[in-house]
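This is what each chain is made of:
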Amino acid sequence: MSAAIEIRGLEKSYGSNKALAGVDLSVPSGGVFGVVGPNGAGKTTLFSVISGFLRQDAGSVTILGASLEPGLPPAPGTIGVLPQDASFIRELSLGWQMEHFCLLQGLSRSQAKAEVERTLTLVGLPEVARKRAKALSHGMLKRVGIAQALLGNPAVVILDEPTAGLDPHAARGIHGLIRSIGPSQTVVVSSHNLAEIESLCAEIAILDRGTLVRQDHVGRVVGSAAVLMIRVSDAPTPEQIEQLCTLPAITSAQWLPTLGRLQLDFDAELTSPGYAASDVARKLTDLNLPFVELQVGKSLEDRFVEETGLGTPS
Amino acid sequence: MMTEMVASMADFPLDTVRSTLEAHSPPLVGAFAFLMLVMPLLALTMGYDQCAGDIETRHVRYLAFRIDRATLYVGKLLGAWALISLTIAVAAVSMAGYIQVRAGTIPSIGDFVYVGRSIITVSVAAFPLLALLGLLGTLRGGSRRVVLLAVLLWLAINLASATARHWMEIEWLALGIEGLWPTNGRWDLILDEWTSWGMSAGQVLVYSLIALALGLAHFRRRDL
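Going down the list, the sequences are from chains A and B. Each residue of the first sequence is one higher than the one before, starting from 1 at the first, in my numbering. Each residue of the second sequence is one higher than the one before, starting from 1 at the first, in my numbering.
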């Protein structure tokens, strides 16, 4: 599969602070690609360089095979962007502003009207076209921001924290929207909500301190460790942990009080994850240690903490 | 009375103004001079927020991936210029109409031409100030800061030029410093002596080109 976005040796500094320190990244065409990282990892800087808002100090960005020239936008209709903190003009109607965006993209006035209606309907806000930006809540403006990123059906859609500030119901609606546009377009999304990224994205990149820590399929990232994560109702006793270690394939067991989980490592050459999980479930019942969740592999959040060396993701 | 009013506004000798007033309807000359007087204030209040406000609120990010930065910058500048030119035109036509009605006379072709000339001249004289405001906007990226910087710059230039003229008594230095403010030479443009236009027209042209080029170069390179 050819790359929608190809990034090579990207560097960007703010004074002495290196926000991007030689990032190489290849975003495949089609589907949803996630970018995660702690605060200051360089996610927004990366998105801003790709979108042409910031000039890189070094390196190159290629979008759909065309090299991005600093100061010039990508070819018309190539990308749509939801910037993290951009605002609409408060005193003007949102429909007028979005039509203006369409005209800048080269659409005719009638096409622009139809596009505004289509995209606002997609985000569940067809009625706001006549309203001024100042009349809308933060969450509604975020959804209109997503709508403007979809104007003209761009081949690549870049969404910087699309669900930040949204209530769970609205966030779920945006998840559905992203999933629906994913197959036909390339969607690049960043989020601090790792469960969201895990559920939306086929492939992710983990950034930390301006460098790419890892780029892989989500399944491989969360499932690469031969480990079972078990959420139990009560903390296990040392004796119960010792008993779990007597299982044939289990190599170690430890209680993680900060996560409220029991971590069991198993030898993947001796047994499959499914059998290891079944054995452990039976043993937990025998030990009178009720569990509420048993997960093969780690969550993206756990993997994120490991990959970035942080105590807690932000 | 009109002679003295125009002479005091433009800081011209009375004889210089008298010849202009003899050639045109005095109230129209007064209106022309009045528009020239208020033009910097109009330009400042209507042209301070070209790209600056959009940079400050990051609204520019909704635009920057859709069109190239040069088009964006020049478009904002021309938009501000069009707005001010329209305001000047409406004001000039309204004043001229009022003057004719009060005088109870039928305007001549020459009056129409003179009003047209005053609109074009004031609009053109406003352009370098707009180009300067655009430059300050891209340098500082905040609309209120643009107004503050413009006022401070105007004060500094006029203080420095007054110092050079009255304390140091170096006229060429005072004139040179005055030329750093884009509308300081505008009064020459209301005179009929075409020979006196040269310096002011040159300042309008050179100032506009330099401010536009610097602003455009900076806007194309800056982070948005």
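These aren't lab readings, by the way, just hints derived from the structure by calculation. A virtual CB, placed ideally from N, CA and C, is assigned to each residue, including glycine. A hint or two may mislead.
[To be verified] Per label pair, the in silico range of CB-to-CB distance:
no., chain 1, residue 1, chain 2, residue 2, range
1, B, 70, A, 295, 26 to 36 Å
2, B, 155, A, 103, 33 to 43 Å
3, B, 41, A, 111, 36 to 46 Å
4, A, 90, B, 41, 45 to 55 Å
[Said to hold, decoys possible] Stretch by stretch, here's where chain A covers chain B in the computed footprint (C-beta under 8 Å, at least three residues):
no., region
5, 52-60
6, 64-70
Going through the hints against the structure:
At about 53 Å, the CB distance of residue 70 (chain B) to residue 295 (chain A) disagrees with the hint of 26 to 36 Å. Evaluation of the 33 to 43 Å hint for residue 155 (chain B) and residue 103 (chain A) yields a pass: the beta carbon distance comes to about 41 Å. The hinted range of 36 to 46 Å is satisfied by residue 41 (chain B) and residue 111 (chain A), whose Cβ atoms lie roughly 42 Å apart. A beta carbon spacing of about 25 Å between residue 90 (chain A) and residue 41 (chain B) contradicts the range 45 to 55 Å that was offered as a hint.
For the region 52-60 of chain B, the proposed coverage by chain A is satisfied: 4 residues have a C-beta within less than 8 Å of a C-beta in that chain, meeting the threshold of three. Check on the region 64-70 of chain B: 7 of its residues sit with their Cβ under 8 Å from a Cβ of chain A, so the three-residue criterion for coverage holds.
Consistency note: the structure conflicts with the earlier hints numbered 1 and 4.
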